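Q: So the sequences go chain by chain: A and B.
0 is the number of the first residue of the first sequence in numbering that gives the first Met the number 0; add one for each residue after it.
0 is the number of the first residue of the second sequence in numbering that gives the first Met the number 0; add one for each residue after it.
Careful, some of the hints might be misleading.
Copies of the same chain look alike in the list, so a pair counts if it works inside one copy or between any two.
[What the hints assert, rightly or not] BS3-like cross-link-like pairs, simulated, lysine-lysine; straight-line CA separation at most 30 Å: (1) Lys55 to Lys19; (2) Lys335 to Lys194; (3) Lys55 to Lys45; (4) Lys55 to Lys123; (5) Lys45 to Lys19; (6) Lys24 to Lys55; (7) Lys339 to Lys225; (8) Lys188 to Lys373; (9) Lys399 to Lys373; (10) Lys123 to Lys373; (11) Lys19 to Lys225; (12) Lys383 to Lys209; (13) Lys209 to Lys24; (14) Lys191 to Lys209; (15) Lys24 to Lys225; (16) Lys45 to Lys188.
These aren't lab readings, by the way, just hints derived from the structure by calculation.
Values in this document were obtained by computation on a predicted structure and should not be read as measured data.
For reference, the chains in residue letters:
Protein chains: 2
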Amino acid sequence: MPLLVMKFGGTSVADLDRIKNVAHKVQREVDRGYDVIVIVSAMAGKTNELVGWVEKTSPMFDAREYDAVVSSGENVTAGLLALTLQEIGVPARSWQGWQVPIQTTSQHSAARFVDIPRANIDQKFAEGFRVAVVAGFQGLGPDGRITTLGRGGSDTTAVAFAAAFDAERCDIYTDVDGVYTTDPRISRKARKLNKIAFEEMLELASLGAKVLQTRSVELAMRFNVKLRVLSSFEDNDETSGTLVCAEDEIMESKIVNGVAYSRDEAKITLVTVEDRPGISAAIFAPLADAGVNVDMIVQNISERDYEDHPGAVTDMTFSVPINQVERAKRAMEEAKAADKIAYDELIVDTDVAKVSVVGIGMRSHSGVAARAFKALADENINIKVIATSEIKISVLIDRKYMELAVQALHDAFELERA
Amino acid sequence: MPLLVMKFGGTSVADLDRIKNVAHKVQREVDRGYDVIVIVSAMAGKTNELVGWVEKTSPMFDAREYDAVVSSGENVTAGLLALTLQEIGVPARSWQGWQVPIQTTSQHSAARFVDIPRANIDQKFAEGFRVAVVAGFQGLGPDGRITTLGRGGSDTTAVAFAAAFDAERCDIYTDVDGVYTTDPRISRKARKLNKIAFEEMLELASLGAKVLQTRSVELAMRFNVKLRVLSSFEDNDETSGTLVCAEDEIMESKIVNGVAYSRDEAKITLVTVEDRPGISAAIFAPLADAGVNVDMIVQNISERDYEDHPGAVTDMTFSVPINQVERAKRAMEEAKAADKIAYDELIVDTDVAKVSVVGIGMRSHSGVAARAFKALADENINIKVIATSEIKISVLIDRKYMELAVQALHDAFELERA
């Protein structure tokens, strides 16, 4: 029998009525002839409650106990959904991670999948069960204790099951009805995409599209699992939502498919840094050690007067999440105090935002950057930093122009048109 | 190292502060040199919440899913207590039933212990852990799924662990500070007992003393596990609470050690029943089939005129819980309609209560019944039914005299004096 993986997040299973709604969506797929593996999150709010208790009990908690406590939320949902399915006549049972068993690495609270053996669940399908409801976000470590997978763990569980069971598709139900060309709250012209390539989704997710966790998209890309994002709260058919799939399954892609943004950026400039081999490592190693996530990096010759510096000098600019600015500053100051790096001044700009255009079509089309820069220039938006990849162009601009920039770029690439 | 089992119920672990209080009690025993196995219930209210969800989802629920959902409450407490212990420097870890593994029978929601293998927990003690925090009320069935033990399951888990690990003692922490000679709300002269025999505790528990579940006392008696009942909310020392133990460890027992009562009784009399061999079976078999818990039974020759009945006739009186009266009546009427039994009239008295005096000393002392009956007669309390066992005398009386009867008996046997 063909098999489908369906995943429902916390808001989709927030109470008994919503669980009933989920059960009907599962039933419909069973009626269509699928065996179904459903991955569930904890009821909305439950994980936060449990995490709160753990953190209040023990600020430097033992991650093994954290996992034992926090995983209970998903177990409750799995049992309740199995009961709800039984109640409407669908043969279902719940599975906790250790029962499958979902084998993971030993890093508690941040475990990764090692193996998902099919035997136990396959046997139940063979016995006539049509639905396996699996508690997401958890597994069994080599120490025989419960592990959890960290952020995005439930999406990732769904993709891992889809890969292990050769699922026809992995449907991720969420509170939006798909992936949009940009945030509809910023541009009313935002349009839902019917298909998007894994690579594009990765750029959009990590840039803040927040629909799918990066990690689950990476896993889907690696195992070529077709992902579909769709709404828990609407009636769906086979064409609903957005399909995230391999590039070669998208017949005609536009050059640009989305405009992403990130509001919480900060720009740090080290003024008058010695320009020598190894200077980048000297700067970015202490930042990495301090856990600072450096995003864009630009090295440029300053136009200021360098007469005090006889050797070659440069300015180094990079962006970090705004809540890591203090950590980054401290790391730089300590490195300077330890004579590992030298600079005249450290300038922080916390009034910046990042805007990016993303599209696999860029690989084969030139002129995208020029078109983007012109769109911004037409609105008199000054670009502070530029970074590009194969399928993405990102710019750092004044935060107050962020919405305007998103709208201008969305218009410039005519994203409102399918 | 000597080993102690400690058990904390739902009110004792109702919030993080109370869990901290529990941790300190455990720490004290560790400091005294014990390895400790702690059995915990779910935080007060949590089990009811989970049961409510299950029942609302599926009135005729699949007990396997019920168990999977409901057991999560204990798992949360176990993790939180382990973290709290670690936080105050006590090497502790949590254990879910399947990790021990606590092997039970397959009756989901009403499972019984099959085996508690020591190897896993013993190994952790050998590695330097001092405390094993075990989620109570749950186990692992032969089907590889979670089972729960039904009412009183956490007390029973504690006793079973004490037996399996040869514990020096099993301390049951609860919201009262011990077992009393009677209910202190009824007699201000009620006195806490320092020691009580298993048999007496069984009679007191089943008669409504509600401190320990009958099943756990039975198990303790079978394996000769010393049980101590004491308060979670007081400072305790070695002599606190009440020790429930084998008769031969109680040097000098009084003749009577407690006065128990049960308010929710009803008396049913079948008037003019044929007095022949097999008549008792004919009456009580249909009651048992209907799930009626018959308690006291008296068969007596009525003083009324039996001239309509040429054969030998009798009256049959029995007591049942008041909420089973309708069920009992229906069973009797159906048996009569089916010509399995014959009686002239069925009289129900729902205004009765049961009062009992309990004491292992009765075995070797006569005159206890006479003393009890005199005490009630002195208060003009009419006795409706009498039933006796080796260590107990119970009477059924008008409910309005219940408190008076308890006080009179407590006085008559001088239970206020140690």
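Q: Give the relationship of Lys24 and Lys225 under a CA distance limit of 30 Å: within one copy only, between copies only, both, or neither.
A: within (19 Å within a copy, 54 Å between copies)
Q: Could you place Lys339 and Lys225 in one of the four classes (within, between, both, neither) given a Cα distance threshold of 30 Å?
A: Result: close neither inside a copy nor across copies, 48 Å intra and 68 Å inter.
Q: Given a CA cutoff of 30 Å, do Lys335 and Lys194 count as a within-copy pair, a between-copy pair, both, or neither?
A: neither (49 Å within a copy, 73 Å between copies)
Q: Please work out whether the CA atoms of Lys188 and Lys373 approach to 30 Å or closer within one copy, between two copies, in both situations, or in neither?
A: within (20 Å within a copy, 93 Å between copies)
Q: Give the relationship of Lys55 and Lys19 under a CA distance limit of 30 Å: within one copy only, between copies only, both, or neither.
A: Between copies only: 11 Å across, 34 Å inside.
Q: As a check of your reading, is Lys191 near Lys209 (CA-CA no more than 30 Å) within one copy, between copies, both or neither?
A: within (15 Å within a copy, 62 Å between copies)
Q: Within, between, both or neither: how does the pair Lys55, Lys45 come out at a Cα-Cα threshold of 30 Å?
A: both (15 Å within a copy, 19 Å between copies)
Q: Checking Lys383 and Lys209: alpha-carbon separation at most 30 Å within a copy, between copies, both or neither?
A: Intra 25 Å, inter 74 Å, cutoff 30 Å: intra-copy only.
Q: For Lys19 and Lys225, with the copy left unspecified, which applies at a CA distance of at most 30 Å: within, between, both, or neither?
A: within (26 Å within a copy, 48 Å between copies)
Q: Can you tell me if Lys45 and Lys19 fall within 30 Å by alpha carbon in one copy, between copies, both or neither?
A: Classified as both; 18 Å inside a copy, 22 Å across copies.
Q: Can you tell me if Lys24 and Lys55 fall within 30 Å by alpha carbon in one copy, between copies, both or neither?
A: between (38 Å within a copy, 20 Å between copies)
Q: Evaluate Lys209 and Lys24 at a C-alpha cut-off of 30 Å and name the case that applies: within, between, both or neither.
A: within (23 Å within a copy, 46 Å between copies)
Of the numbered hints stated above, those contradicted by the structure are hints 2, 7, 10 and 16, listed in ascending order.
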